[in-house]
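Protein chains: 2
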Amino acid sequence: MLDPFDQKKQLILKEIGDDTSVTKDLSPKGSIDEPCIPIINLINAHPNMVTTSSCSGRVSVFIEGIKDREKIGSKGNQGHWIYVNHHPDIENWYKTIDYKINTQSTPTNELTRYILYKFEPLILHVKCRDLDSANELYKVAMSCGFRESGIGTNNIVAIRISIKLDIPIGYYDEEVVFNVDETYLDFVTKLAKDRFTENFRKLDQLYDAIKVMGVVEKKVVETKEERRERKIREGLAKQALKKSQE
Amino acid sequence: MLDPFDQKKQLILKEIGDDTSVTKDLSPKGSIDEPCIPIINLINAHPNMVTTSSCSGRVSVFIEGIKDREKIGSKGNQGHWIYVNHHPDIENWYKTIDYKINTQSTPTNELTRYILYKFEPLILHVKCRDLDSANELYKVAMSCGFRESGIGTNNIVAIRISIKLDIPIGYYDEEVVFNVDETYLDFVTKLAKDRFTENFRKLDQLYDAIKVMGVVEKKVVETKEERRERKIREGLAKQALKKSQE
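As you go down the protein sequences, you meet chains A and B in turn.
Count the first sequence with the numbering used here and you get residues 1 to 246, in order.
Count the second sequence with the numbering used here and you get residues 1 to 246, in order.
The shape of chain A in the complex, shown without the other chains:
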């Protein structure tokens, strides 16, 4: 009989699909972000870890919900995204949107529904078999510069890095009003592209570090046959990563 961790892992892998070609997940988007697939496969090939959620990084434009004077940036009441992209092809994003520009308006009302341009970096949640393996993964993530990582309940490690952008670019008043001009929108878009580059560089670094961690551990436990299978898996994972970066 499987122990509780292995049972849980089997269940999760069954839900998301156990190979590189299947990308279903349980998020609203309904699929795993492509650039995450190699690292997810690498992590899930490790006997002591399984991924529970992931986002490879994204740019988005968010209109805050109707305010209740209590919460900032609430998604609650009619808060919604007018743009989301997980890939760095983010140029000219505003050209598909109806908007007005008024650089001299300064909404000061506390109920103002701000429009925020965001870059959100990679985030990964990984359930580990026990506290020792959670600690090990946590240390690997920290050493790669994912300085906002931490262990939560049930040995789930959150891997986070602090290269966000969170930029107010206007407000919503029955229409989208940008209080910056297109020159500035292009400027922040350029910065977000740079963050994407940095984000994928850090993802690579994390991939390599976790790979080494896996190899060191597995030396102790795996048979020749297991090792052969793992090598194939890792090769496929690496190919997929390469492909996703082309």
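Keep in mind the hints are simulated off the structure, nothing from the lab.
Computed from a predicted structure; not experimentally measured.
Glycine included, every Cβ here is placed at the ideal spot set by N, Cα and C.
It is possible that some hints are incorrect.
Computed cross-link-like contacts, PhoX-like style, restricted to lysine-lysine with a CA-CA straight-line distance of at most 25 Å [unchecked claim]:
1. A/K67 / B/K164
2. A/K118 / B/K14
3. B/K202 / A/K190
4. B/K67 / A/K118
5. B/K100 / A/K67
6. A/K118 / B/K190
7. A/K202 / B/K118
8. A/K164 / B/K8
9. A/K67 / B/K202
10. B/K8 / A/K118
11. A/K164 / B/K67
12. A/K164 / B/K190
13. B/K164 / A/K202
14. A/K67 / B/K190
15. B/K8 / A/K139
16. B/K211 / A/K164
17. A/K193 / B/K211
18. B/K231 / A/K118
19. A/K193 / B/K118
20. A/K139 / B/K139
21. B/K67 / A/K190
22. B/K164 / A/K118
Which residues of chain A face chain B? A few of them, derived with a C-beta cut under 10 Å, are [what the hints assert, rightly or not]:
23. G17
24. T96
25. Q104
26. Y138
27. G152
28. R160
29. D166
30. I167
31. N179
32. Y184
33. D186
34. V188
35. K190
Given chain A, work out where chain B should sit, using these hints.
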């Protein structure tokens, strides 16, 4: 003889000073942020916890260092702050700075040293006696909306919330050039003030939650005399918090 946690705690308390009137700490700034003092005292009054670092939240304007094509936003080579304020009196911050405005310039050079206007919320690091107490504090923080909290090595809980602002407002080219105008600088300043308000609201909420946690625990272990002393401490802490918010 004291156990290792108590030894460490005694050492830390000796370094930072053990009462509300002393605010020395080990940061470059050299003192504990005033709004943090009540919660630090509350935490340090708990037998199983001691604070190891804190920032109550701040607004800053940062000029990136000279780039090495490797790192983004590096503090390293000549990166520096031209403005830092831990209090919400942030209006007109740019009036003390020499700057030029050029809203139509779009630096695209990958070596551009961007200028970033930041709001960074409360962050607290708390060393706990054992994993159980770390888990308990982690859960309290999460339940108060500090969703980026996590447990690190040595049972240190990082308490973090995701209400940052990170806004590029210009670049440094032998002088400070803002590529937004004063109307926009006032606009982001207003938003940062709102984040300060939210930040202190969350700090209060966390204070209250940790206080309850302390009381529930202490019912089991403290004597009447200890309880009396704690009540006095908590009263002082609350007064200090009130005062810091006036």
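Q) A/K193 and B/K118: Cα distance at most 25 Å? A) 19 Å, holds
Q: Tell me if A/Q104 is really an interface residue toward chain B, meaning its C-beta lies closer than 10 Å to one of theirs.
A: Holds, about 6 Å.
Q) Within 25 Å, alpha carbon to alpha carbon, are A/K67 and B/K190? A) 16 Å, holds
Q) Can A/T96 be said to touch chain B, with a Cβ gap under 10 Å? A) Violated. Min distance 21 Å.
**Q.** Interface hint outcome for A/G152 [beta carbon to chain B under 10 Å]
**A.** 6 Å, holds
Q) Is B/K8 close enough to A/K118, meaning Cα to Cα at most 25 Å? A) 41 Å, violated
Q) Is B/K67 within 25 Å of A/K190, Cα to Cα? A) 16 Å, holds
Q. Are A/K190 and chain B close enough, Cβ to Cβ, to be under 10 Å, as the hint says?
A. 6 Å, holds
Q: Under 10 Å, Cβ to Cβ, is where A/Y184 needs to be relative to chain B, so tell me if that hint holds or is violated.
A: 6 Å, holds
Q. Would the hint on A/R160 stand, with a C-beta cut-off of 10 Å toward chain B?
A. For A/R160, the interface hint holds, since the closest Cβ of chain B sits about 7 Å away, which is under 10 Å.
Q) Hint check: is the beta carbon of A/N179 less than 10 Å from a beta carbon of chain B? A) Status holds, d = 6 Å.
Q. Under the criterion that the straight-line Cα-Cα distance not exceed 25 Å, is the pair A/K202, B/K118 satisfied?
A. 22 Å, holds
Consistency with the previously given hints fails for numbers 2, 3, 5, 8, 10, 16, 17, 18, 23, 24, ordered from lowest to highest.
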